[in-house]
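Asker: With the hints as your guide, set chain S onto chain F.
Protein sequence lines correspond, in order, to chains F and S.
First residue of the first sequence: 1, per full-length UniProt numbering; consecutive thereafter.
First residue of the second sequence: 1, per full-length UniProt numbering; consecutive thereafter.
Accuracy of the hints is not assured; some may be wrong.
What the hints assert, rightly or not - Straight line, CA to CA, 25 angstroms or less: simulated DSS-like cross-link-like pairs of lysine-lysine:
| # | chain 1 | residue 1 | chain 2 | residue 2 |
| --- | --- | --- | --- | --- |
| 1 | S | Lys908 | F | Lys409 |
| 2 | S | Lys908 | F | Lys385 |
| 3 | S | Lys866 | F | Lys360 |
| 4 | F | Lys399 | F | Lys333 |
| 5 | F | Lys265 | F | Lys293 |
| 6 | S | Lys972 | F | Lys399 |
| 7 | F | Lys333 | F | Lys391 |
| 8 | S | Lys904 | F | Lys322 |
| 9 | F | Lys393 | S | Lys972 |
| 10 | F | Lys381 | S | Lys904 |
| 11 | F | Lys279 | F | Lys259 |
As the list claims (entries may be wrong) - Rough simulated footprint, nothing fancy, chain S against chain F, three-plus residues with beta-carbon under 8 angstroms:
| # | region |
| --- | --- |
| 12 | 318–325 |
| 13 | 364–373 |
The hints are simulated quantities; they were obtained by calculation from the structure and are not laboratory data.
Think of the CB as a built atom: it goes at the ideal place given N, C-alpha and C, for glycine as much as any other residue.
Each chain, letter by letter, is given below.
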Amino acid sequence: MAYLSMGEAHRRITEYLNRFSDAVSYQNGVSFKSLFALSSNSHFLLSLSDALALYNDANRLINQNQNYSHFSDIILPLFRSLQHYKQGNFVEAYNAFEKTANAFVQEFRNWESAWALEALFVIVYEIRVLAEKADRQLASNGKSPEKLKGAGSLLMKVFGILAGKGAKRVGALYVTCQLFKIYFKLGTVHLCRSVIRSIETARIFDFEEFPKRDKVTYMYYTGRLEVFNENFPSADSKLSYALKHCNPQHEANIRMILKYLIPVKLSIGILPNHRLLEKYNLLEYGNIVQALKRGDPRLLRCALQDHEDWFLRSGVYLVLEKVELQVYQRLVKKIYIIQKQKDPSKAHQVKLEVIVKALKWLEIDMDVDEVECIMAILIYKNLVKGYFAHKSKVAVLSKQDPFPKLNGKPVNS
Amino acid sequence: MANEGTNTETLPPIESHLFENRLVDASQHQTSSYAPTTSGSEALSWTVQSSTGNGIYSNPTYQYDQHSQPPVRSVQDGQGVSSVAGNSSNLGTANVPQDYNAYTSYASSSNQYSYDSAGYSGYYNNYQQQPNRAYSQPVGAYQNTGAPYQPISSFQNTGSYAGSASYSSTYYNPADYQTTGGYQNSTTYGNQAPAWNNGSYSSYSSHPYTSYAPDSNSSYSSGAAATSVQYQQQYKQWADYYSQTEVSCAPGTENLSVTSSSTLGCPVPTTTSGYVTPNNQPPQSYPQFWSQESSAPAAPSFQPAAGNSGDHDGYWKHGAQISSQIHQTNPIQPNYQSHLDLNSSYDKFQDQQKTLSSQGTNLYYLPPPPPPPPQQVNPTPLQSAASLDTKRVSKLQIPTNPRIASNLTYEQPKTEKDSSTSSVTLKPAYIAVSLTKPTEKVSSNDAANSILKPSMFPKSLRGYVERALARCKDEKQMTACQAVLKEMITKATADGTICTRNWDMEPLFPMPDADAVNKDSSLSSTLDSVLPKCKKSPRRSKSRWEPLPEEKPVDHPVSISNDTIKYNSWVPNEKDRKVVVENKESKEDNWRNTKFSPLLQRISSKAPQRPFKKQRLADASVAHENGNASSDSDKEQSLTAYYSAAMAFSDTPDERRRRENRSKRFDLGQAQRTENNHSRKKNVGARNLYNRRSSALVLSKSFDDGVSKAVEDIDWDALTVKGTCQEIEKRYLRLTSAPDPTTVRPEEVLEKALLMVQNSQRNYLYKCDQLKSIRQDLTVQRIHNQLTVKVYETHARLALEVGDLPEYNQCQSQLKTLYAEGIEGSYMEFAAYNLLCVIMHSNNYRDLLSSMARLSNEAKNDEAVKHALAVRAAVTSGNYVAFFRLYKAAPNLNTCLMDLYVEKMRYKAVTCMCRSYRPTVPVSYVSQVLGFSNEATDGKEAAALEECLEWLKAHGASIIADNSGDMLLDTKISSSSLFVPEPDDAVAHGDANLDVNDFLAKAPL
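In isolation and in its complexed conformation, chain F is listed as follows (with noise of 0.2 angstroms):
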């Protein structure tokens, strides 16, 4: 670092805080939230943190007058916060952001217009950011990570400020897209349930009105939230939202979407195209459709068990690992098919012995009685149509539609 004068410094400092009245005088929003951007390592802030750190008596300089003296309780702690900041340290760093933003709220909640709408945006993501970077510091040193959590019930001040009627309520779903990473990641993910109701029951304020951006992200979250629930039509419809409204750009955000889109589309008898697969690097889906497409159970538990600890992760072995009855009905399928090829008037009887011999072929060891169960499973969950003679373990397919396809609704009796 080249050497700083103290004049220097004095004079960067009173940059900053005229830049702070000035813009809270004029109500620049896109001004002021530059002054709260710690992350951006953008140049003015780096500064700013040298100056700090060779001028130790800024307290007196904000006091001295008093545009900014009214806003010392934000700013102090904000200049400590990025000295902590830029010296790694990241939990104080955090500590003081957050006396920062506790004052900040209270003076926006002053402030009649949404104008500072975007500073606060800042702040709250900044709080996010700052917060997680605090844990990882604490995990490291063997504390108890446990400022993200603070970092959440912070946020959820900031959203019961906006959650209101007016201007500022256009920030709330910003605040909750926060929460809910939050909430994601912490695995507290019941604590959105308040969050969504507040949203989705407040009927004052139309949801399309919100930032485009904001909705994305929301129905992403929310989808996901669906699939937990394994209630894949609602799964569907909200991530296919968001896939529709993602920028194109954002081919990391797409292929977020498109990795709980799959299997909530595969659950209900959509397959994607494998280029689609390959364009947004989802491969560990390719053995998986391609198993449904084959009807081989074999290739399926392959699949699974490969990424078993992706899958778990992300939340979706449970999704995809109920694709297994398409495949046997795929399968089943395809025995039909063949036996119509040879004897189309016997075809609608399925001898169970000949189903068990092409898992046997596929290397999967069921005995009768198991083939038989998921016989029974396949026509009880109306996979396929039919009844099952036990006498002559013989199944007996429907001569129409034997085998009725999901139509986008999910495998189910």
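Answerer: For chain S alone, coordinates are given in the frame of chain F:
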């Protein structure tokens, strides 16, 4: 500090006497001046009780009471202050002066007073919550009291008094008194205390309260009336309480070696009995006592109906004023007295409460009593009290001085309000209630008397009562008769026939069953004996963090006087002894203070059961005290009291309450810290540790309330209990307070206990109980090692075997953290259980995912875990064949967990089969596939088939037989008729293990 206020042992007896006398005087002043009729009544009741309990003692007490009642007291007080020693000798002299002297002497027996105070403090602690509730109502009552009170004072002035004075002197046994010195005093004191208890209590138990209620109403005005019903109950409670306290005291005191203690213990029973008998009946001693009692207010001659002294009349008048019960005879008096007693007790309670509320008040008494206050003028006494307080405060040097100061100021106004009408006017809340009464008050004593006097009970009624009582052969009958009479008179009063009825013609009621009455009394006595035990817990504070109630008086800081110690032991809430110690003085003071507003207290005592809010609304000034009620501990209360005192003048109750709450948060921390310091100095040995721990716990609690310090800063290691109990077997009892090391088993013993449980042949309930107590001891001692794991594993397995899922879940969650700490155990086994549990019972998608994701590769290769995963797959796919195969091959206790899912799985399977199969399925197949029969065991095939058949039928399946006689399941018909039957052994609470009958039958406990 404690020494100053109380009769500490260390102090030279004389000094203590002086102190106490002063204190007593002050208190008496207050009481007399403040408590109108009630004070008088209280005094009476006391005396009566005491007299009954111990003949000799009672007399002194009697005098004392009298003194206290009239304005004379103030004079007496002055005298007493000036010459304490002289007073004792003076006893025989002029009436008023004598009274004073007697009084003073009495006072000089500082022990008594101190003792009282101590006792009160103890009571106080116990009662805190209840009293608070009561408050609102009292206000009205209080004002009312003002009027009656005056008459009493007038009484004393009257000539009749002289007799009493002389009486007192005789009773006094000055010689004994002097010789015994402080010691005797203490004994007398003890008597008094019991007397109180007895009075309130005995009257309570023996006499139906209904009678009481009217009286109270009449005398006390509307406010009292409203509460009257509740009163009774509370009364009982109080009485019990008192009795309890007394009982409990007895042992402690004995141990302490203080003679007073022994006396204390005795008086209770005696008093009760004596009390009952008193009326008219044979017991020689009795008449006198009785007369004393009755006369207490007025003249000893009272016994004969005709002989009612003016004082007496006046007294009655008070009562009668409203109710027009005027004509009650002696028998009635008992009731009255009881009322009074009750009142007094209540007052005391209130006093205690007050004291609790404000430590400052406690401080009051140290300084010598102020110059004799004007007779009846309440305000002056109050002021004196206030001054006392201030002085005391200064002496005490309590760390919290600033607050105290505020309290002091506060209290003065408050007391004034209570005591004097003028003061009453000061507080808005009071004013409203008092409006009606103030006039009474204003009216001179004479006026009040004149109005009331004429009424009295008709002579005929007195005669009637005498006749009725004359039949009684023993005390029991006497009591019974009294009860009946009371009822009659109350009734008559209520319907206004008391004067109109021809009592001479009235047939005597049939002799009541004395035993029945006795039962009551005995009941109450038994209650008393039983209660002490219970007491500790009942008022327990809500938080677990509060220290245990002290059970061993011996441990108390040396500086504390014996009395206080004893009381402490009783105090249930008692977070810290220290507090008690500090409060003792204050409590004493409080007592006295309470006297000021006897009615108030009464009401308050009644109120406990009422909702807070009402009360608050009723009286704003009271409200702050009520606010305290919610707080668990004495400390809290006292602290809040501080604050409330400081804010006494704030306008709205709400505001005040809010402020209190706010201030409470901070006070707690500070006060306790200071207290901690004290305790450290005083505590010895084990007590030390204990106190520290408890205080730390309290501290932590207060911190939690929002004060700055972090919990991490507390040195938990230093506070951990080290058990000393050597019993291997121990029943589980959920801790309601901090653990007592003597009941906690150390690790070695716990190991043995675990072995014992493992090898025990007894049933699950017993084992569960034992294991829970082991777990508790482990937790309390913060033992986290392999033993802990073993215990939890053992318990979890046992629970699984019996299907006790809730218990299993507790163990499982503990095991999770224990394994996470790296302690060895059957990790895999329990991982499998956990998986199974999630799959079968919570069925939560996310839980399942996360527990699956958490499994290490190593775990996934474990047989048990593999099995669990396979079960999961079978369940999610609905593969019943696989499920029942796994069911049969389950390792460990996996079967037990699967057991709980079998029924569900079978039902699902059958529905599936009925849907898929046509036209039939052989039952034998179903039985085989659904795990009814084991393929290997041919012999049991038939039985399994039968079982399966039963099951199918129970679930609504339609069964047909084919040509060869094989049973077939008709799937088409069954598919629409299947249902899940209600389980036969279902119990309402869902856990058959908890069935009451089952529990009672099996429990070895």
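Asker: Which hints from the list above does the structure break, by number from lowest to highest?
Answerer: none
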